[in-house]
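Chains as they are written, first to last, in the working numbering: chain A, 207 to 323; chain B, 15 to 259; chain C, 1367 to 1450; chain D, 14 to 102; chain E, 34 to 639.
The hints are simulated quantities; they were obtained by calculation from the structure and are not laboratory data.
Accuracy of the hints is not assured; some may be wrong.
If you want the ones that stay clear, here's a sample from chain B, every Cβ over 10 Å from chain D, calculated [stated by the list, open to error]: (1) Ala60; (2) Pro128; (3) Leu215.
Short derived list, chain C residues pointing at chain A, Cβ under 10 Å [what the hints assert, rightly or not]: (4) Thr1413; (5) Leu1417; (6) Gly1420; (7) Ser1423; (8) Leu1425.
Derived coverage of chain B by chain A (criterion: at least 3 residues anywhere in the stretch with Cβ under 8 Å from a Cβ of chain A; other residues may be distant) [what the hints assert, rightly or not]: (9) 32–44; (10) 47–53; (11) 93–99; (12) 155–164; (13) 192–202; (14) 236–246.
Just so you know, even glycine gets a beta-carbon here, dropped at the ideal spot from N, CA and C.
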Amino acid sequence: MTLTVVAWTVAGWLVLVGALGIVRSRDLVHTVVALSVAQSGTYVLLIAAGFQRGATVPILGAGGAGSSPVVDPLVQAMVLTDIVVSATVTALLLALTIQIAKRHGTVDPDELRALRG
Amino acid sequence: MSRLRLVLFGLGAVGLAVLWVVATTGLPPVGTDVHPYRDAAVAAAAAHATANVVSSINFDQRTFDTLGEETILLASVVAVTTLLRPADDERVEPPDPPPAVLPATRLAGWALLPVTLLVGADVVLHGHLTPGGGFQGGVVLATALHLLYLAGSFPALQWVRPTRWAPLLEPAGSGLFVVVGLAGLVVGAGFTAEFLPPGVLGAPLSSGTVLLLNVVAGVGVGAAVVSLLGQFLRQEIVIGPGAAP
Amino acid sequence: MSPFVLLAGVLLVVLAGPGLLLASRGTAVARLAGLQLAQAVAVLLLTVLALALGQPSMLIVPLVTVLLSFAGTLVFTRLLRGVV
Amino acid sequence: MTVLLIIALLATGVAGTVVALTPDPQRQAVTLSVYGLLLGTVFVLAAAPDVALSQLSVGTALVPLLVLLTVRTVRRRGGRSGGSGSDGS
Amino acid sequence: MNTVDVLAPVAVTGPVLLACLVLVAGRWLPRPVIDAVALAGAVGLAVCGALLVHATLAGDAVTWLGGWTPPPGAHPVGIALVVDPAAGGLVVLVGVLAAGALLFSWRYFASVEARFHGLVLLFSAGMTGFVLAGDLFTMLVFFELMGAVAYALAAYKIEEPRSLQGGLTFGVVNSLGAYLALCGIGVLYARTGQLSLAYVGETLAGARPDGPAVVGIVLVLVGWLVKAAAVPFHFWLADAHAVAPTPVCVLFSGVMAPLGVYGVVRVSAVAAPEVPALRGVLVVVGAVTAVLGAVLCVVQRNLKRLLAYSTIAHIGLFLVGATDGGARAWLVYLAGHAGVKAALFLLVGGLLARFGSVDEIDLHGAGRTGDPADRVAAALYVVAALALAGLPPFGAGLGKAALEESVPGALVPVVVGTSVVTAAAVLRAGLRVFYGVGPRPERRVDLERTSGEGEERETTGRLRHATATMLAAPALLLAAAAVVGVLPLIGRVGALAGERLADGGAYRAAVLGTGAVAGAVPEPVSWHPPGVVTGVLTTAAAVVLALLVLVSGRVPARRRRPVRRAIGPVVLGLERLHSGHVGDYVAWLLFGAAVIGIAVAAPTLG
């Protein structure tokens, strides 16, 4: 019961607090890192969805040849993909931030005024 | 304006939190033993003699997702290379002399290099048996290479010339991944189908295409991370300032 | 509760308590101390967990962590240079 | 083990909050590294060593390196940030 | 194996393979070869899509990848690609627009190696994968692929500050949308134990809608709505479209954003539980999007931004049509709109190459050079603007007419008004720039608004003449839009595709293998006399409106003031909301997600 509440709450909290980080951000590098925190909330969510009490790692033949149940491997595969996506998107957005620093002379979103209306 | 932004965010966050409670209270508790997909996936992995079920999902049952993931990696490497290309008004400068590094650090860096390479290779090659696989191993391998930079040997890193071969190796890896997928189509088994003999569960050379794809992915990911880091290092070290903004 | 689990609990509390606390206060360089503590404790913790779970194949996780922590530490010492 | 998982999850939540709300990216990078370790622990406790490996390999060296390199390049180009207390320049 | 088993995976991986080839061999191959290979890939994709449509006219085709076809009643472990005429048709659209973009950029970006081509091919692969995926997580992976390429393409012009800012905003907002969608997918997975769209739908179909099902679906739909740029998730679109290189805008406006609507329709038809409130909410979102897009379209002076807001307005119409009665019409409208809008973007790109600006006021009368190529460009622009208003026989007009026939009466004014107003704005700008109609507006520095001056040129130097490919690409696209309107086959297939897309039951039956449910063959979309008349009338209305605006410059300021006083503050307020600040956009994203979620969940769950 406690585990259920904690896991779902932490997952949702991380997504929201990451978004809060973006909203409050005064530095685009910080924005990008906060975005990756928001994404890590989805890791927790997926892992929690596939967890089973007392189950072992999803590797066959380990821990007694299929005698004990394993946790859901599918969510783990999804999180693996998710982590790759997170790393690549972070790299991409950081590259954009570098160019913004060069062209705008600032990485403070409050001072970027090129697009409006 | 920023006040309004926070108010808006607060309202949205409260609303989403309420929805989140509505959603999660209706779900089965965390730790439940009802996992229908798990049961099917474990049976499928056993049928193809892949001990690591996660690898079986990534490189056999749901290869298409991994193909998409590899393509994302490729795309972002191309994207970063494109975005960080020297602009018209920038120049490539000779690198700064590397800062002095303690001899102990340098020694540790060189000493750990072969160990890290070895572990990386192991993680890739045993991905179908033990935790790990192409992605994790690829990152470890790429990190090993950058120990050269971190331990103060930027010239050594330049000597390896990762920026020459990595941007070619990475699309080659992705292309090979697609080719292995298409090979299944050519032999008539269907796209990304297993077409190698699966072998015996737990043996080093088991699980057919999973091992092959793990290696291909490992090469691709390693090259991708090397080129990504190479682009960022180049910004820091050899690209001179552009015009005033 | 097996001794391994108890030990893991203690290590986890150290990682999450002092480690996180030190890593979240002060300048970037001051935070490095917390990171160092956290890395060392995390490696121990992951090893103990592999033993507690009876999964020797999981020992690859702390092994990779050791190697990458070294790289990570070098990242920070190298790139936070001149920041003090 | 469940108790450990709960503790680790709570610690992850706290660490994530600290990372997201640390305004200066250099300090954030250090905390991010610790956050990655905690996430890795959660994954191990949830019997997901594959994911833990992934998270640890990305989170401990790769992403902090990218972040710090970006910060250095940005500061070198005179990029200003609105973050308070930049302990860099 | 049948054709679909081969063609569906090839449609996704073929462009990837070609991209790899181009990227590896690009540094040794001469530029024309790279152009030709990429162009051949895009055309091949279109052909592939056409074959897919042909193969699925009788019923949806399902191919389980890797030989993981689940036995009847068993739990699936693999990924299914599901092809129906709508999916096949969108593959055709992706191929055609990519070909148009590549053709146009033949002389463009002289300095770039093969990376641009590689990115366009990867982008096509991402869109194709999203369209064909019959699995929620696969959809998300290809959604992210589309995104990753799109952020880079939006910011392709790294010398230009605006372009970089637009790219970053696009990246952050879209990624956050994708994470919300992933949360939804996680909740749906925890609820049903399935990832396959059809199996999720089958699991939810029997039960009363519960909290996880409703919230999970809403979160997934919010992710797709961010891509579709529905209000209030639309902010990124104008910023990204206004700054992206012109050939890229073609793909963004013509197909990437509409794919968001496709995703919404697909997922809500197949997997959403029976929730009446969902339909109503989507219609309201669509209508608001249409109206807001039209209003903001009128006040723009940056031509690309003007076209971007017009795209937002039309996406609103697609959403309205797709969810409320217009199932048979909206795909035809989408195809016709794509051709016309693509042609308009390319013509504006031609202006940028010729005159180094995309600012309506700055370029006043600039097109009157007497150069025959410029005259052709001017004529094409005017025709495209009229086609946008609904002029027969173009496909946009046909789709609009069919939409007006099928949506409820209360929504007809929205459809008519939006298309008239946006077309009038587009026409006004064209008449000013190409023909110098109306007095030259005073040039003032306007900090509140994005101008079109100082935009980085995409060619190496100022072009003396518009090149042949730069005129041929828009002309061909416009011709394609005309073909959409004239060819009865397209009206027939379009209607069928739309109805089948909305029929989630048939999709589920095809994937689960429980026997195909033969739907009735819908009435084809074709020109009827009333449709022709309204098409001509709306075109005339757009012309009159555009001329009125142009002439109103001659009206003394004293007479204009009351009008401005009445609507000025509202419009100005709306414009101020589009601050270009990524934090604002993220706040709106969460706020919108919460409002949509509560509006759907509250009436359903009581």
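Quick one: which hint numbers does this structure break? Sort them smallest to largest. 4, 5, 8, 12, 13
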